[in-house]
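> What follows is each chain in one-letter form.
Protein chains: 2
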Amino acid sequence: MAFNKRVKIKHLLESGKVGEQIILMGWVRTKRSNKNVSFIALNDGSSINNYQIVADPAIISEDILKSITTGACIKVTGEVVASQGTGQSTEVQASGIAILGEADPEKFPLQPKKHSLEFLREIAHLRMRTNTFGAVFRVRHALAFAVHQYFNDKGFFYIHTPIITASDAEGAGETFKVTTLDIKNPPLTDKGTIDYKQDFFERETNLTVSGQLEGELAAMALSEIYTFGPTFRAENSNTTRHLAEFWMIEPEMAFYDAEDNQDLAEDFLQKVISYALSNCADDLEFLDKRAAEEDATKKAEQRSEMGLLQRLKFVTENRFERITYTQAIDILKNSTPNKKKKFNYLIDNWGVDLQSEHERYLVEKHFKKPVILTDYPKEIKSFYMRQNDDGKTVAAMDILFPGIGEIVGGSQREERLENLNQRMDELNIPKDEMWWYLETRKFGTAPHAGFGLGFERLVQFVTGMGNIRDVIAFPRTPGNAEF
Amino acid sequence: MAFNKRVKIKHLLESGKVGEQIILMGWVRTKRSNKNVSFIALNDGSSINNYQIVADPAIISEDILKSITTGACIKVTGEVVASQGTGQSTEVQASGIAILGEADPEKFPLQPKKHSLEFLREIAHLRMRTNTFGAVFRVRHALAFAVHQYFNDKGFFYIHTPIITASDAEGAGETFKVTTLDIKNPPLTDKGTIDYKQDFFERETNLTVSGQLEGELAAMALSEIYTFGPTFRAENSNTTRHLAEFWMIEPEMAFYDAEDNQDLAEDFLQKVISYALSNCADDLEFLDKRAAEEDATKKAEQRSEMGLLQRLKFVTENRFERITYTQAIDILKNSTPNKKKKFNYLIDNWGVDLQSEHERYLVEKHFKKPVILTDYPKEIKSFYMRQNDDGKTVAAMDILFPGIGEIVGGSQREERLENLNQRMDELNIPKDEMWWYLETRKFGTAPHAGFGLGFERLVQFVTGMGNIRDVIAFPRTPGNAEF
Chain A
1 MAFNKRVKIK HLLESGKVGE QIILMGWVRT KRSNKNVSFI ALNDGSSINN YQIVADPAII
61 SEDILKSITT GACIKVTGEV VASQGTGQST EVQASGIAIL GEADPEKFPL QPKKHSLEFL
121 REIAHLRMRT NTFGAVFRVR HALAFAVHQY FNDKGFFYIH TPIITASDAE GAGETFKVTT
181 LDIKNPPLTD KGTIDYKQDF FERETNLTVS GQLEGELAAM ALSEIYTFGP TFRAENSNTT
241 RHLAEFWMIE PEMAFYDAED NQDLAEDFLQ KVISYALSNC ADDLEFLDKR AAEEDATKKA
301 EQRSEMGLLQ RLKFVTENRF ERITYTQAID ILKNSTPNKK KKFNYLIDNW GVDLQSEHER
361 YLVEKHFKKP VILTDYPKEI KSFYMRQNDD GKTVAAMDIL FPGIGEIVGG SQREERLENL
421 NQRMDELNIP KDEMWWYLET RKFGTAPHAG FGLGFERLVQ FVTGMGNIRD VIAFPRTPGN
481 AEF
Chain E
484 MAFNKRVKIK HLLESGKVGE QIILMGWVRT KRSNKNVSFI ALNDGSSINN YQIVADPAII
544 SEDILKSITT GACIKVTGEV VASQGTGQST EVQASGIAIL GEADPEKFPL QPKKHSLEFL
604 REIAHLRMRT NTFGAVFRVR HALAFAVHQY FNDKGFFYIH TPIITASDAE GAGETFKVTT
664 LDIKNPPLTD KGTIDYKQDF FERETNLTVS GQLEGELAAM ALSEIYTFGP TFRAENSNTT
724 RHLAEFWMIE PEMAFYDAED NQDLAEDFLQ KVISYALSNC ADDLEFLDKR AAEEDATKKA
784 EQRSEMGLLQ RLKFVTENRF ERITYTQAID ILKNSTPNKK KKFNYLIDNW GVDLQSEHER
844 YLVEKHFKKP VILTDYPKEI KSFYMRQNDD GKTVAAMDIL FPGIGEIVGG SQREERLENL
904 NQRMDELNIP KDEMWWYLET RKFGTAPHAG FGLGFERLVQ FVTGMGNIRD VIAFPRTPGN
964 AEF
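Here the protein sequences line up with chains A and E, keeping their order. Taken in order, the first sequence gives residues 1 to 483; the numbers are from my numbering. Taken in order, the second sequence gives residues 484 to 966; the numbers are from my numbering.
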């Protein structure tokens, strides 16, 4: 049967030769007809660009031509010819067309007109057939591949850390429970509590919020590792920046200090974004126009100062600004919006956590470039971050991007057993559950560092999509688990 | 501080130059000392090979030398010199050694002696520091990278399908429930059932058993896609071949028929295994010896007919045998173990499902090569497999490997709406929950196919590890969710 002999439109656009006999398969985007000829725009998902099929009603039957409607899937046999029209250098003169699957124009929801992103979210099973979502998911793929290639080239090992976990050190209660117990009639202990001994794992388990702690274990053996897997938050946040299920990239490196960590994160971000720029030029050009059109509908003060492509190049071509939290507080305290009380949260004291409005001020107004903020107060950061000598701050870093805010969070890890023990005690973190984490500090501990990158935030930044639900195929949010 | 200036042992072994001044960091594997000199075998996880450090007690203090015990982490400054001993061409003459982390010899469990795999499983947070597990996880990384590279080179797009899902079409009840409800006091409806409207997703949800159905949706837009993500089975199987949490690779391709699917799967398996052979030569050589030693402890009839490396090359160098289920039943019916009633499940009738013993007979005894079994009875396969014209079989394929049994399962998918509807009705599959799956058959349907590969099975095959718990960092099995 050899269906596989079809040519992909991407390849045809790049290297199709006039005179070739070829087979194309794909979905009809549009058809324009007159008495003498039909022009079909065909897309097979390999490229944002359609390919033009010329169908002569003397060759292709009326029945077939009638079934060629938007959304239909067809197989085209024909010859590559020089195009008479503008917009393409070649086209295919069809010698035969077979209908693989019809799409009833009365029922197929993706007719060629503008659809709202909200509507397309409801038909996420079909939205990848649109220009916008085709582009988004091709770029998403390119970024994922660039991540693997970057780390592989550097000698990092990819580790799959567990999804189901019994440790909740970072979860802060916002985790999903995983169970095989009968929720209606759970088994109880003598004391009347749930008898988790009868659950699948013989203990209480939940979905991971981060692979970092297990990643550290691997780094203390293999030196440089990274994770790239799903993580979960049962947080009731209905925003454009939150998902209940999202993918995280978490490199962990033995023998890195805080500065090494910053160097790696900056280089990593620049390289993967550069990869997308080189490998997804057509898709990004489309998304750049799309973002500009969207921007034009906004009020002047909400418009981006740079276009999408401009923003991407800006990130890849400029060193990130590196300042401490303390320096940032000074800048913010003396900033116009703080003095004029324009911030929702005014900055007066050292020690407060920064809000999105402050991060965006630093990045978009003050420095006008990505910022690495370091050395936060220990009170607003996690127990595993390395304590600085000042007794007040930890060797944390957050990387802030224009339009996105925090895209990376990381730190040098506390490798000194005593310091770690003391901090865990202060924060009432159950040390018995974490015996394995503490043991890496007992046996051959080493300075090490790492960071976490929310993959969807990166895809948002690179594609310019405003809502995080539009950069993952089937988003999970409060009340939404369709598909 | 610039910790990052250290040289990796892998690079030093490949291209270290006599006379270079370098910094090394890693964990001490062993130390041999006499009055005049100490030899330290250092490993940093970048390679299975240790690097030899020569420490002169006239230069390195007694205190430091005393702390250099197995498992300790050290920083070595020194010069690359030609080695006097055998086993290495260069070594480092230490001018300074700093102890980064001690490892109390009384407490550190990984002393240099043989440890059982069972014991090492209990200290999974440390086992990656052994030769065997270092090798396994480097090979696992190489295979994962090879998967991404293979599909990227072919123009497939990586899709992240959902982990939390409300559809249970394939789950057959063996799924983990995901909830934020209070299990002790779940909210109830008027009718006394659990009120899932109050759960996080406002419905009953569970962990995915496969990304295939969602993968198909993406293939019907982007042509060729693959997934690589975690999947789950709440099956109470305490075997060497089952995990509750494991990673699956699931390519789905529009415009592929059954034969295209087989061609892709065979080529894919051969290419990723070849990649490991080229990129993990040292690790695989070690694992080959390890497997041979383990084999030698077995009874003659249980020993492998081929060594590990031999087996890998055999798979990459030979075409897979392709036979139908019907042909396989004939072979099995007339086989010696069937006639002599040696099979636990005797083969007498067409239609029975094949057991592991039958698959292994076909692969290891009859054909002595990987086998692609096709066209199974529809009764023993899933609803989504394409029905063959005979009315009895479906266009399924299983790929069977020596020692492992089924490593790939796939099929051409049923793209005809009527046939799919009819089969779902026969099997009582809730069609209203699957409206989105059915819509891809309504709107521009196309012949398509795909398969699933259990990644850990592949890692088992390539590393020769007998127990699947030894090829994933932190295995999840009944009663086990430690780390």
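One or more of the hints may lead you astray.
Ranges of calculated distance between the beta carbons of each label pair, as one might list FRET restraints [unchecked claim]:
(1) A:R203 / E:T780: 54 to 60 Å
(2) A:P478 / E:E788: 39 to 45 Å
(3) A:L277 / E:K772: 52 to 58 Å
(4) A:R203 / E:R724: 22 to 28 Å
(5) E:E804 / A:L277: 45 to 51 Å
(6) A:R203 / E:D836: 40 to 46 Å
The set of hints was computed from the structure by calculation and includes no laboratory data. Each residue gets a CB set at the ideal place from its N, CA and C atoms; glycine is no exception.
> Against this structure, judge whether each hint is valid.
To see whether the hints hold, each was checked on the structure:
no., hint, verdict
1, A:R203 / E:T780: 54 to 60 Å, "violated (35 Å)"
2, A:P478 / E:E788: 39 to 45 Å, "violated (56 Å)"
3, A:L277 / E:K772: 52 to 58 Å, "violated (46 Å)"
4, A:R203 / E:R724: 22 to 28 Å, "holds (24 Å)"
5, E:E804 / A:L277: 45 to 51 Å, "holds (46 Å)"
6, A:R203 / E:D836: 40 to 46 Å, "violated (34 Å)"
Hint compliance for this structure: hints 1, 2, 3 and 6 are broken, all remaining hints hold.
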